[in-house]
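Protein chains in written order, with the numbering used here: chain A, 1 to 176; chain B, 1 to 150.
Quick caveat, the hints were computed from the structure, so don't treat them as lab data. We treat Cβ as the ideally placed atom computed from N, Cα and C, and that holds for glycine. Don't take each hint at face value.
Distance ranges between label pairs, derived from CB positions [what the hints assert, rightly or not]:
| no. | chain 1 | residue 1 | chain 2 | residue 2 | range |
| --- | --- | --- | --- | --- | --- |
| 1 | A | GLU129 | B | GLU107 | 14 to 24 Å |
| 2 | A | SER4 | B | ILE103 | 45 to 55 Å |
| 3 | A | GLN130 | B | ARG3 | 51 to 61 Å |
| 4 | A | ILE123 | B | GLU94 | 11 to 21 Å |
| 5 | B | SER62 | A | SER117 | 55 to 65 Å |
| 6 | B | SER62 | A | LEU72 | 21 to 31 Å |
| 7 | A | THR162 | B | GLY91 | 25 to 35 Å |
Derived list of chain A stretches under chain B, where covered just means 3 residues or more per stretch with a C-beta under 8 Å from a C-beta of chain B [unchecked claim]:
| no. | region |
| --- | --- |
| 8 | 47-54 |
| 9 | 145-151 |
Counterexamples of contact, computed for chain A against chain B with all Cβ distances above 10 Å [claimed, not checked]:
| no. | residue |
| --- | --- |
| 10 | PRO8 |
| 11 | LEU22 |
| 12 | LEU31 |
| 13 | SER124 |
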Amino acid sequence: MTFSFEIPLLILLLVAAAGAILVKDLMSAILLLGSYSFFLALVWAWIGAVDVAFVEAVVGAGLATVLFLLTLFGTAPKDSRLRRPPPPMAALIALPLLGILLLYAANDLPEYGDPNSPASVHISPTYLEQSYPDTHTPNVVTSVLMDYRSLDTMVETVVIFTAGIACALLLRRQTS
Amino acid sequence: MIRTHDSIIVQSLGRFLVPVIQIFGLYVLFFGQYGPGGGFVGGVILGTGMILSVLIFGHDASRSQFAKKVLHGDGVGMLIYAGVGGLCMIGGGEFLNYANLEIPGLETASRRSLGIVLTQIGVAVDVAVTVISIVFSLSAEEIIEDSLNG
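Bound conformation, chain A alone (with noise of 0.2 Å):
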């Protein structure tokens, strides 16, 4: 391999997201998100997580827009402008501090795509082999999500119902 796409990706992904925090437009904050969803949809697929980016890409990049333009629209004759306050001293020195921390905590993790690390071993094989003699289906991601782990899902789908209830419950109210 003499050329790697994972650099300039992940320059990308750096430059959007100082961009979305750091631009003064809210509406050129919320496209710059959107860029930065597109930018970590292209890096998941690039290691190999193609749902992962696909959901990344839907979401992130075309649902999570489009509501955060209908909350700006929705306030914005109160405040289109960003007042920033500068930054509290204590975040300045602490965030660094806490960055350099999980760096030396990195240099523990199994490398990427190491098959003996922990992760790898346990009870990964057995899906990958059993899956489709168990489930005739050929997507293990989905053998996992919605057969194995069934029940998680479940809840996971009580979740987002819950989440459009809420919604439904603070937002809309009475005209009269």
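With chain A fixed as given, assemble chain B onto it according to the hints.
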């Protein structure tokens, strides 16, 4: 409250794109067993198609009536999902263990495949209704009250 978009270009594109997006959503929903996709993404795409028609043609257009009717189906997706789980218990099986679905003529693996399809439809319905409900909550209070009370 959203009104019809003025531009004829946007309206023509919307008439063409919304059905394509809906078909693509169904494809993603049912292709989830064979490739990337599945209930969650398929449901979001289905809901996004209806949101697009609301954003382009406005809340009052006849094309948006279906999205308003869909709002009454809040919770149906969860009912489908938990209902499949309950059907598994009829023959004395465990909750959500699709191998216990009492369907004659199907082997165990095919039963589990069928259970996966049914629960994915449940997730898709739940996600699509929730997405449309949130967008309507953010954009049109009066319309919601009218359609739910009247």
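Against the structure, the hints:
1. GLU129/A x GLU107/B: 14 to 24 Å: 19 Å, holds
2. SER4/A x ILE103/B: 45 to 55 Å: 50 Å, holds
3. GLN130/A x ARG3/B: 51 to 61 Å: Taking Cβ atoms as reference, GLN130/A and ARG3/B lie about 55 Å apart, which means the hint holds.
4. ILE123/A x GLU94/B: 11 to 21 Å: 19 Å, holds
5. SER62/B x SER117/A: 55 to 65 Å: 56 Å, holds
6. SER62/B x LEU72/A: 21 to 31 Å: 28 Å, holds
7. THR162/A x GLY91/B: 25 to 35 Å: Holds, at about 31 Å.
8. 47-54: holds (count 4)
9. 145-151: Since three or more residues must qualify, the claim that chain B covers the region 145-151 of chain A holds, with 5 doing so at under 8 Å.
10. PRO8: 24 Å, holds
11. LEU22: 26 Å, holds
12. LEU31: 16 Å, holds
13. SER124: Its Cβ never comes within 10 Å of chain B, the nearest being 18 Å, so this holds.
Checked against the numbered hints listed earlier, the structure breaks none of them; every hint is satisfied.
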